Each structure stands twice: as C-alpha cells, then as structure tokens.
Amino acid sequence: MSIERYRKRLTARGVKDLLFTNLCFVATLVGIFLLVVLLYSVFRDGRQRLSWEFLNSFPSRFPEKAGIKSALFGSLWVVVLTGAIAVPTGIAAAIYLEEFQRRRTWLTELIQVNISNLAGVPSIVYGLLGLAVFVRWMSLDRSVISGALTMALLILPMLITVSQEALKAVPDSYREGSLALGATQWQTIYRQVLPAALPGILTGVILSLSRALGETAPLILIGAVSFVRFVPENLGSSFTVLPIQIFNWTSQPQKGFQEAAAAGIIVLLVVLLSLNAAAIYLRHRASRHA
Amino acid sequence: MSIWRSVVVAGGIVVAAIGCGGPKEGAGSAADGSAGQELKGAVNVDGSSTVFPISQALAEEFMNVTPGVNVTVAESGTGGGFKKFGRGEIDITGASRPIEPSEDEVCKKNGVEYIELPIAFDGLTVVVNPKNNWADSLTVAELKRIWEPGSKIDNWSQVRAGFPDKPLKLYGPGTDSGTFDYFCEAITGGKGKSRSDYTASEDDNVLVQGVAGDEGALGYFGIAYYEENKDKIRALKIDGGDGPVEPSPETVRSGLYKPLSRPLFLYVNAKSLEKPQVKAFVDFCLDHAEKLVSQVGYVPLPAEAYGAGKKIVAEKRTGSRFMGETAKGLKIEDILAKEK
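Here the protein sequences come in this chain order: A and B. If you count by our numbering, then the first sequence holds residues -14 to 275, one letter each, in order. If you count by our numbering, then the second sequence holds residues 1385 to 1724, one letter each, in order.
If you're looking for bench data, these hints aren't it; they were derived computationally from the structure. Note that the coordinates shown come from a computational prediction; the quantities given were computed from them, not determined experimentally. Each hint should be verified, as a subset may be incorrect.
[Unchecked claim] DSS-like mimics (lysine-lysine), calculated; alpha carbons at most 25 angstroms apart, straight line:
| hint | chain 1 | residue 1 | chain 2 | residue 2 |
| --- | --- | --- | --- | --- |
| 1 | B | K1577 | A | K240 |
| 2 | A | K50 | B | K1550 |
| 3 | B | K1659 | B | K1694 |
| 4 | B | K1528 | B | K1577 |
| 5 | B | K1659 | B | K1700 |
| 6 | B | K1468 | B | K1528 |
| 7 | B | K1467 | B | K1550 |
| 8 | A | K240 | B | K1659 |
| 9 | B | K1655 | B | K1621 |
| 10 | A | K240 | B | K1616 |
| 11 | B | K1694 | A | K240 |
| 12 | B | K1575 | A | K50 |
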C-alpha cells in the first residue's frame, strides 16, 4: 500500500469520524431542544401562578382561586403506598429468583417469561384489572388503596427485572467468601449481596416510582376523581392525582385554567426531580459503603 | 449499616410530610361550620364532561356552606357515568343526553331507581375562522350535506353557490362524546351518522386551536368554549327553518336557536337520596343552579323548571320522562310540560 493511498484513506476516515460525532451530538440536541422548548412554554405560562397559595388551596371553578393541594397530597399518598407495597415485594421476588433459585427450572423460566411480558403490557390493562379485582371484587371502592395496589402491580415487573440485574452484577466471589466464612444464606444476602446491589436497585425503585407518579390512565379507570376539595384522610378516601388534575385543567374553556395547568406541571416536575435527587443521594451513599 | 438507616429516614420524612397535611384540614373545616354543620359523609358525582363544570360549581358552593360533606366530581363521560350509575356505585351522574333504554334496563336489573332532573341548557355552536368573511349563517340542510356519511364536500364553493373557492377543513369532537351524538341526531338525523374524515378531538380546546389557525375551518362544540374564545373564532348563525339565529344564552333559552340546543341532566340514585347529605346536595343544586349555571357558561332553565324539579324530588318520582328523545331538539317548553 503506497503512502498516498494511506493518506487519502486517513482523511476519509477522519471525515467519517467527524460526521459520526456530529450526528450523535445532533441526536442529543433534538431531545434537549424539545425539552427546553417544553420547559420554556410551561414556565412562561405557569410561573405567575406558582405561589404558596396555589400549593395550599383546593381546586375551584374560578381559575384564579384554583389550587393543587388535593392533587399533590393524592399523588404523594399513592406514590408512598405504591412504594410501600411494591418495593419490598419486588426486591423479595428478585432475591428469590436470583439467589434462591439459581438453577433454572421450568417454573422459574415460566415466572421469568411472564415478568418480562408483563413489563410490556399497556397501563390501561392494569387499570381494568384493578377495577375488576380491587374496586369491585375486593370492594375497596374508588379509594387511595385501590389506586396504590393497581400502581404497585403496574411497576412490579419493572422493579423485579431491574433488581434482578443489580443482583446479577454482584460478583459471586462475595457470596462464596461470605458462605466460606460460615455465614448463612440470609446473612450473606443481607450483609454482602444487597448492599452491593443497592445502588442499582434504588435506581430501579426511583424510575418505577416516577412512572407511578406520572401515570394517569389506570387511575382514571379505577375512579380517581377530577374534583376533590379535601386531602385523603385514610386508605379508603377518594382522591385525585397531579396528572389527572392537570389534564382536567387543560380541557377547561377558561384561559386561567391553562395557566393553572402549567403551574401544576411545574409542581409535578419538582416532585419528580426531588425524587430523583433523593435517589442520586442514596445511591451515592450506598456506593461509598459497598 | 447506616445505608439502611438513611433509606428509612428518607421514607419517614415523606410519610411525616403527608401526615401533617391530613388532619389539619378536618380540624379547620369543623371549626367554621355554619348552616349544615351536622351533616357528614360523601356524595359521589360522575358523568358527562360537559356537565362537569356545572357539577363542580355546585359542589364547590355546597361545600362552602356544608364543610362536613365531601362532594367529589369525576368525569367518565355520559356513557361511562351511566355504567357506574347502573351498578349503584355512584350517587349522581351528569348526562348530556337523556338516559337510553339499554341503560335504563341495566338500572332495573340491578334494582337502581333514579330521579331525572334537567339542570341546564347547552347550545352547540358551529364556528369558523375570523378570516372567513363569506359565511354568516348555514342552514340545517347545508350542515347535513357537509357532515353526512360519505360526503365529498371539501371546498366552501360546494357548500353554497357564491361561497369562494377555499378548501373546507372540518373539526369536531370524537365519537365517544355526547356532543358528537347530539350533533348527529340533530343534523344528519341518526345515531353516529357522520362522515369520519375530519379532525377529531375529545378535547374542545384542541378544536378551538384548530379552527383558530385555519382559514377554511368549520367546527362545532359547546357554547361555553365559544364564549371563552370569542377573540379567536366566530360563530355562525344557524337557520333551522325560520331564518338564521345567532347562538347566545338568550336564543338558547328562548328555544329560538334550534335544533342545536340540548338539555343537560342530573340523574340521582333514589336510594342515595335517603342519605341526608345527598338530599341536602340535590336540594342545594335546585336552589342555586339558576345562578351558577350561567356563571360557568351554560344556559339556565327558567325558575319554574327548578321548582318542578324540587317537587319531583320531594315526591320521589322515579324513572325517565325523556328516555329515547335524543332525536329531536328538546325545547324548554317541552321540558316544562313534562315536569308538571
């Protein structure tokens, strides 16, 4: 190969390299650009509505008096209950599948296939399931607990899959070392495997809780209502959540409600961001300890 | 194992935050109770999204004077509301059309008796872009030609001789909407009889945006959305046979604006009415509907109609007087005649 041919190919390779880098950069920009446009328009419309009063008042038919309190508390109730139900269940299921059933049997294969499939089921189907099982059959009515149970079902597949991946990533030498020192399986999991897998598991927990926070369709089916002027008092209370309140406001004719909806979106974003921040902090602490 | 501790602490903080929000409300509302302070419990309202602003206004005002009662309002649509109502799951459902025989059947099967109360009038408004300077009114026959299934009209010049050569773009609600059902019954004369090649949205604000940004647009929706957006869209007069009539609260109320005026209803579960808080809410509705209905952009019935409604509630007259009457434009006189 002569040196000129090599030079020519070198330039061509350089150009391709540059093209590819720029292509990736543009691809990144598309997502960010849309996000910025969205955030800009939301902040422009909703900024002046954001106030302590907005957070602390109930919805009203007067756009200027309408507040987000019942939806904010409804969302927090649902997310906390969903977490309380789904997180222990999901992690326990993942531990069972990864730590106690390491030899694949037809049963674990079946469970595994089902979990992967369930993760792809549209959320509205979970709503129908929740309506039939929790609301009607178990007659829990249109309550916070029905909503939380349905949401827990919705995020369980994702939670189990992510936790399984996190557990898989823990090197076997940890387990072997612990067992060789005479620890029981429970001690091995609790003291060695889980702390090492915790950062990954927490990421999964937060991602799935964020999904529960933004999900609307199943809760509408369950019977979350659009107009509530009280915060949930117990598990049997009627409730609404932020996305439903926002959706309701966007479909009202008065312009003031569009602003209230924009302010509601900001509140939802802030709640989501603080959830994520908490996750990052916990993950940081966890990885230091592991 | 301090990592476990921080997880627990983080969870604890959230639970505590929610905990302090709850009980304070209850304590605050009990203190300033006035007229109906001994009343307690819940009233569940569901149904049509068209009736939602009315139910919401009534619920809000009712809770201001009766803080012990929690009224919740959901919007599952007229059909969705009747489904829950027929199972006895809710106390009251709002409807933008009278109950259908099949829904009445379900109620009977489940032993749900109901009281039917007309609560307001709504006028469907046919709107165009403000740049449209050629059309001032349309006749029902012209609307029918535009909207009937299989219609090939896609230019204003085909609508009426003399209209310019401009493309006609159609906007309307989706097929799940009570507004769609009513428009079909009144204009094309059949259940769900409509062409389907138009821009459809269940969200009326989307329709407003569409018509506002398209010179050749024609769309229809409830009068409340027109009243709020008069700067962006223009309403057409409708000629139902006696000359063009402008849609306005007055013409809807007097019955001149036809055939696109429609009554809105509340259906109350007769068994729920035995609960004192439901009875109090229904009475409150009939006492205050006239004022509140116009506040939210709809047209109130004459005072006699609400008085007649009160009598129906007092006598617990159950069953529908309007069932199967979706096909023709009900006028206020028809309603009054039936209430007596």
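Now the hints, each set against the structure:
At most 25 angstroms may separate the alpha-carbon atoms for a hinted pair to count; K1577/B and K240/A exceed this at roughly 33 angstroms. Annotation: proposed proximity of K50/A to K1550/B is violated, straight-line Cα distance about 44 angstroms (limit 25 angstroms). Distance hint between K1659/B and K1694/B is fulfilled; the C-alpha atoms sit about 17 angstroms from each other, no more than 25 angstroms. Simply put, K1528/B and K1577/B have alpha-carbon atoms about 10 angstroms apart, close enough for the 25 angstroms limit, and the pair holds.
At most 25 angstroms may separate the alpha-carbon atoms for a hinted pair to count; K1659/B and K1700/B meet this at roughly 13 angstroms. Taken as a hint, the K1468/B and K1528/B pair is broken in the structure, with Cα atoms around 34 angstroms apart against an allowance of 25 angstroms. Only pairs whose Cα atoms come within 25 angstroms are accepted, and K1467/B paired with K1550/B is rejected, the gap being roughly 44 angstroms. For the proposed pair K240/A and K1659/B, the alpha carbon gap of about 38 angstroms is over 25 angstroms, so the pair is violated.
Proposed proximity of K1655/B and K1621/B is contradicted: the alpha carbons are some 44 angstroms apart, above 25 angstroms. At most 25 angstroms may separate the alpha-carbon atoms for a hinted pair to count; K240/A and K1616/B meet this at roughly 12 angstroms. For the proposed pair K1694/B and K240/A, the alpha carbon gap of about 35 angstroms is over 25 angstroms, so the pair is violated. Between K1575/B and K50/A, the direct Cα distance comes to roughly 40 angstroms. Violation of the 25 angstroms bound is thereby established for this hinted pair.
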